[in-house]
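Undergrad: Add chain B to chain A, keeping to what the hints say.
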Amino acid sequence: MNARIDEAFVPVGELVPLLLPDLPDLVDEVAGVRSTVTGLEIETPVELDVVVDASGRVVLGGAPPLYHVETSWLPVLHQVRFTAVRGEVDP
Amino acid sequence: MTANAAWRLEDFVDSLVVELDKTRETLAVKAINKKLTYSVKEVALDVNAFPTYDGDQVRFTTARPGEEGASRLTIQLGSVTDQQVRASSKPVEGTAPSPSIDELDVDPTTRSKLRRIGVSSVDDLQALEERKVNLKQATDSALDYTELARKIRKARRSNEAPRLEGMSIATSAGRPCLLMEGRNLSVDPTFPPVAVLNGRLVEVLSSGPGHLELLVDPEHPLRADNEVVVTFDPYAVVRVNVKA
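If you're matching them up, the sequences are chains A and B in order. No gaps in the numbering here: position 32 of the first sequence is 31 in numbering that gives the first Met the number 0, and each next residue is one more. No gaps in the numbering here: position 164 of the second sequence is 163 in numbering that gives the first Met the number 0, and each next residue is one more.
Certain hints may be false.
[Claimed, not checked] To give an idea of the chain B side of the interface with chain A (calculated C-beta under 7 Å), a few residues:
id	residue
1	A4
2	L8
3	D10
4	S14
5	Y37
6	E102
7	L103
[Said to hold, decoys possible] Facing chain A, a subset of chain B residues (Cβ under 8 Å, in silico):
id	residue
8	R7
9	F11
10	K21
11	T22
12	L26
13	S38
14	S111
Think of the hints as simulated: they come from the structure by calculation, not from any bench. Glycine included, each C-beta is placed from N, C-alpha and C at the ideal position.
Excised from the complex, chain A in its bound form (with noise of 0.2 Å):
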C-alpha cells in the first residue's frame, strides 16, 4: 500500500510552484517604462509531513503554517528556501 500524506498537505512538488506569484510586469506607459521581474528568492517557513512507507521510500507532504491561531501545542515549523529565475521560453 502507498504511503498518503495528511490531506491538508500538498506533495512538496506541488508546493514551490504554489508559493512562486505570477507578478504581471510593471508598466509606466508615460515614461515609456516596463519593469520585469526577473527572479525571486523565497524563504518561508512550512510545515511538513513526512511519510515512510513499508519499503522505507519517503514520500514528502508540505504546506505554509495552516492555522494562525496559538494553540498549546504549537506546530513545528520548517523552514525552505528556493530561488527562481524567470526566463522567457522557446516557443
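TA: Using the frame of chain A, we list chain B on its own:
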C-alpha cells in the same frame, strides 16, 4: 493519523529530488501557456528532526508538536545541466562501470561495515587494497581481500555475463567444428575455456570474447540432440542444447 516513522537521510533526499523534478515538470507545462516562466535553480530545506543511531544506521524522526531540542537538518540542492553531469562523470574509455558493493555476494553485516568505512563500489575497495589498508582492523571483522577479490570478479562477471547469439557447424583445417558466437564469451586470458559435448571433453580450437570454436570428434559426431557445456571461466558456465 500516520505514525511518525524514522527515515534515512538518503531516502528523504531521494524523495525531495523526485518532488523537485515534478516541480520542474509543472513549471515546464505552465510555460506552454505563458511565455515567461520560472525555473527553480536552488532549493534548501531546513527540517527539524531527531537523529537516532540504532547501532548500524543513523535515522531521523521528524519533530512533532511539543517536542523540543530537535536538530536542524539543512538540505541544499543546486542545479546542474545534463551535459555537465555527463562531462564530469564520463567513464574511462574501455572500462566497465564499477559494480556497487550491493552486488557483492557478502552478508549484510559485512556490506554495512564496508559502507561505514566509505566503500560503496568495488573500485573503492580496490583503492583500499592498493593502499594496503588492513580491512580486518578497519572493519573489526574477518574480511580479507582474497575472498572479496573472488566476489568482486564474480560481480564483475555477472555484469558482463556471456551472451550466446548463435551456433553453427563449420570446418577448421578440414575438421568439423562447432562455432559458438556471441558476446563476453571468453574474456579471461588466464583461463582457457573448457567444453564438454554430449558428456565428452572436446578440444577448444580457438576462443575469444566473440567466439568459441569446438572440435567435433569424428568418432563421436553430432547427434539429433546435443548438450554443450562450456566453462568460460570460474564464474561463467553455459549449458545449451543444440539440434543438429
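Undergrad: Determine for every hint whether it applies to the structure shown.
TA: Here's how the hints hold up against the structure:
1. A4: 4 Å, holds
2. L8: 10 Å, violated
3. D10: This hint holds: D10 (chain B) lies near chain A, its Cβ roughly 4 Å from the closest one there, short of 7 Å.
4. S14: 4 Å, holds
5. Y37: 4 Å, holds
6. E102: 19 Å, violated
7. L103: Status violated, d = 21 Å.
8. R7: For R7 (chain B), the interface hint holds, since the closest Cβ of chain A sits about 7 Å away, which is under 8 Å.
9. F11: Hint holds; F11 (chain B) Cβ to chain A Cβ min 5 Å, cut 8 Å.
10. K21: Holds: closest Cβ of chain A sits about 3 Å from K21 (chain B), inside 8 Å.
11. T22: 4 Å, holds
12. L26: Hint on L26 (chain B): holds, closest Cβ of chain A at ~6 Å, below 8 Å.
13. S38: 5 Å, holds
14. S111: 15 Å, violated
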